[in-house]
Amino acid sequence: EAGVAQSPRYKIIEKRQSVAFWCNPISGHATLYWYQQILGQGPKLLIQFQNNGVVDDSQLPKDRFSAERLKGVDSTLKIQPAKLEDSAVYLCASSLWGQGIADTQYFGPGTRLTVL
Amino acid sequence: AQSVTQPDIHITVSEGASLELRCNYSYGATPYLFWYVQSPGQGLQLLLKYFSGDTLVQGIKGFEAEFKRSQSSFNLRKPSVHWSDAAEYFCAGLTGANNLFFGTGTRLTVIP
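From first to last, the protein sequence lines are chains A and B. Under this note's numbering, the first residue of the first sequence is numbered 1, with each subsequent residue one higher. Under this note's numbering, the first residue of the second sequence is numbered 1001, with each subsequent residue one higher.
Mixed in with the good hints, there may be bad ones.
Computed cross-link-like contacts, DSBU-like style, restricted to lysine-lysine with a CA-CA straight-line distance of at most 35 Å [stated by the list, open to error]: (1) LYS62/A with LYS15/A; (2) LYS83/A with LYS44/A; (3) LYS11/A with LYS83/A; (4) LYS78/A with LYS1049/B; (5) LYS44/A with LYS71/A; (6) LYS11/A with LYS62/A; (7) LYS83/A with LYS62/A; (8) LYS11/A with LYS71/A; (9) LYS83/A with LYS15/A; (10) LYS44/A with LYS1061/B; (11) LYS78/A with LYS15/A; (12) LYS44/A with LYS1049/B; (13) LYS44/A with LYS15/A; (14) LYS11/A with LYS1061/B; (15) LYS78/A with LYS11/A; (16) LYS1068/B with LYS44/A; (17) LYS1061/B with LYS1049/B; (18) LYS44/A with LYS62/A; (19) LYS1049/B with LYS71/A; (20) LYS44/A with LYS78/A; (21) LYS1049/B with LYS11/A; (22) LYS1068/B with LYS1049/B; (23) LYS1049/B with LYS62/A; (24) LYS44/A with LYS11/A.
Honestly, the hints are just simulated from the structure, not real lab data.
Just chain A, with the same shape it has in the complex:
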């Protein structure tokens, strides 16, 4: 079974530029998550999708971050414009149902973003 795929793996941009990350979850997983992991910290949830609908985006900085999951499969996370403090690893995860402790989240390798 293929895991969660993310691209690109690394990205370096100047501040105020735009950037987009792509995630392909495990086939058949209804729930998709985007996390931000700043160096020295644990991952922080940015947004959760159930199929193509948003379940929780309370911690997404909506003035500059946006995410979509068209057709309930792949997802894209965008930052526009980027700030220095956006430098982090962006992790995508997926799970089968998104409910209950039995529903394990599977993580992709992440995209490391550096904003100069």
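Chain A is already provided as a structure; the job is to place chain B on it using the hints.
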């Protein structure tokens, strides 16, 4: 507010020695707790989870964790560490909305 705390930023152990990584939790209700491992360049991998029942939980790769309500702890243990266990370890909890919240992590270094 719900939280998990990992008091040790970095731990170094010798290969073959035993390991214990600490995690303390603050929870209003029944805690749902997890341990994840993150190897360099890899995504997070679930080692084990606790939600009820037996307080000693067995996981993958020879890890176990013990839930102690009296101490608000969920420490991860391994009797004999291998060089391949060098990684970052995260304790995590689950919110009522089924979202994970993580501690700040403990980096494990294994010396030969």
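Hinted pair LYS44/A and LYS15/A, Cα distance within 35 Å: It holds: about 22 Å lies between the C-alpha atoms, which stays within 35 Å.
When you check the alpha-carbon spacing of LYS83/A and LYS15/A, does it fall within 35 Å? holds (5 Å)
For the pair supplied as a hint, LYS1049/B and LYS71/A, confirm whether the alpha-carbon distance does not exceed 35 Å. holds (32 Å)
Just to be careful, I want the Cα atoms of LYS1068/B and LYS1049/B compared with a cutoff of 35 Å; is the pair within it? Given that 35 Å is the threshold and the Cα spacing comes to 14 Å, the pair holds.
Taken at face value, is the distance from the CA of LYS15/A to the CA of LYS62/A at most 35 Å? Given that 35 Å is the threshold and the Cα spacing comes to 17 Å, the pair holds.
Given pair status - LYS62/A, LYS1049/B, alpha carbons within 35 Å: Status holds; Cα separation ~32 Å.
For the pair supplied as a hint, LYS1068/B and LYS44/A, is the alpha-carbon distance within the 35 Å limit? holds (26 Å)
LYS1061/B and LYS1049/B were given as a pair; does the straight-line alpha-carbon distance stay at or below 35 Å? Holds. LYS1061/B to LYS1049/B sits at ~14 Å (cutoff 35 Å).
Given the hinted pair LYS11/A and LYS1061/B, is their Cα-Cα distance within 35 Å? The given pair, whose Cα atoms are some 32 Å apart, holds under the 35 Å limit.
Quick one, are LYS44/A and LYS1061/B close enough, alpha carbons at most 35 Å? Status holds; Cα separation ~26 Å.
For the pair supplied as a hint, LYS83/A and LYS62/A, confirm whether the alpha-carbon distance does not exceed 35 Å. holds (14 Å)
What's the verdict on LYS44/A and LYS11/A, does the C-alpha distance respect the 35 Å limit or exceed it? At roughly 20 Å apart (the allowed maximum being 35 Å), LYS11/A and LYS44/A satisfy the hint.
Checked against the numbered hints above, the structure breaks none of them.
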